[in-house]
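K.L.:
I would like the entire structure built from these sequences, with the hints used as guidance.
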Amino acid sequence: MDNFKQTRLHPDILKAITEMGFETPTPIQAKTIPHLMASAHDLIATAQTGTGKTAAFGLPSIHLTDMEDRRTQTLVLCPTRELCVQITKDLGNFSKYINGMNILAVYGGASIQTQIKSLKKGAQIVIGTPGRTKDLIKRKRLDISHVARVILDEADEMLTMGFKEDLEMILAQTPQEKQTLLFSATMSKRVVGITKSYMNNPLEIATARMNIAAENVHHIYYMVNAKDRYEAIKRIIDINPGIYGIVFCRTRRETKEVANKLMHDGYNADTLHGDLSQVQRDEVMGRFRNRQLQILVATDVAARGLDVEDLSHVINFNLPDDDEMYVHRSGRTGRAGKKGISIIIIHTREMRKIREIEKKSSITFIRETVPSGLDICKKRLYTLIDKVENVEVDEQQIDQFMPDIYKKLEWLEREELIKHFVSTEFNRYLSYYKNARNINISGDSMGKKRSKREKRSREDRRNTSFAGFYVNVGFRHKLNPGRLIGLINECLRSSDAVIGKIEVMKTFSFFEID
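If you use numbering that gives the first Met the number 0, the sequence shown corresponds to residues 0 to 513, in order.
No lab work stands behind these hints, which were simulated from the structure alone.
One or more hints might be untrue.
As the list claims (entries may be wrong) - Think about it this way: if two alpha-carbon atoms lie no more than 27 Å apart in a straight line, the pair counts; the simulated DSS-like pairs of lysine-lysine are:
1) K386 with K406
2) K14 with K139
3) K377 with K500
Unchecked claim - Computed spacing ranges between beta-carbons, pair by pair:
4) Y229 with V191: 52 to 62 Å
5) I97 with K195: 33 to 43 Å
6) I440 with E22: 42 to 52 Å
Quick caveat: nothing in here was measured; it's all calculated off a predicted structure.
Where is the CB? At the ideal position from N, CA and C, for every residue including glycine.
P.N.:
See below:
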């Protein structure tokens, strides 16, 4: 299936998705939509977040809805309020030109009375979290005895969250003759168990090899003591001024602690966890999507339904319990052809876990050292210089203030003025990292994969005193690290120069040489 016109979807649906920019179906859509349009057989689909699953099951569900019947015909179950709201919004957009279509979200944290009133009016498609759906069924406010299809989205997460009994109760209220569709990022034993109990000879499809990580993601691990995990995160953020990412924690408590520390230390961060009200969660997610937040600290469950395309980093405060979950987390970055970085902060006892993920997921982890205070100060200084050099100046607006500015600063010499200006933003880094200790610890750094040349290079760097140099040329002048090394060797008339760190910025560069 090369385009959506081949799906035989209702013209009003095609009109809506065309306006939304839908052109070529994603792999999961190309495999799922034709099956649902032509068959009532059960289906198991394995696909990662961000692959277009909602449209894969949503478009056929809308097309197959009997508009003369106000009873619930499709029930979608998903693990979180955020995902519930997102699916409802997407299906609403897909069906906006279809008169009489009523799609309703039911989830905890919102008024159950309002949801009951909406159900009385009739809703052909209901999207709900297991807890609220079960509650409405028990109150006899939601009748699912006539549904034609039940869709379990993010089935792995619903089972991980302990919704197995709720799902069993809900499925028991549905007709025996129905179509059951299960979508899951991973196929754990618990997911396989539910397919055997509640599905009838399902067709199985997958859009990618299981447990295979995205090719555009660079996987890094840092080894520190457990007490230094937060300090490592601070340094990672400080060395990456433009970071836009998610920090994953294992528990709500840990999530709150890390987020509170970041906010206390002045970082543009916030948290997503189960204790927030729906209004609070929507507000945090909206700020993150709009880039008003740089860092979001969340559990895996709370982050469900948050689909952001251009994350630069995913940071694992600690390893997830499930190896497949690491692949799922890291897949949130490196999308749409862009590069991404996935970072794990570990201690020596977790090396075995790293190797297990490598073996199962075809990932190669690179061990890197947590940046030193000096590294961070240099990076922030040169980033500030680059920012100042490239800022757009509104001459017309600022001219009226210049006489007062000149008068106020005339006592400063040029060099002193620059020092004062830089220090206004730079002092906090100098102060904090003045006596920063080395938090890296020794351990198995996957020596089997490291060549002798790499070992020798690192040993040389430890035993050498480097001097730093600044040049007024950057990547805007088509300079890259390789070309810079060539220029250094050319100037020194030698190819044996011991070169340390290289930083190529937009209009200038920094390098170290012995």
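K.L.:
Compare the structure with each hint and give your call.
P.N.:
Each hint, compared with the structure:
no., hint, verdict
1, K386 with K406, "holds (25 Å)"
2, K14 with K139, "violated (37 Å)"
3, K377 with K500, "holds (11 Å)"
4, Y229 with V191: 52 to 62 Å, "violated (38 Å)"
5, I97 with K195: 33 to 43 Å, "holds (36 Å)"
6, I440 with E22: 42 to 52 Å, "holds (50 Å)"
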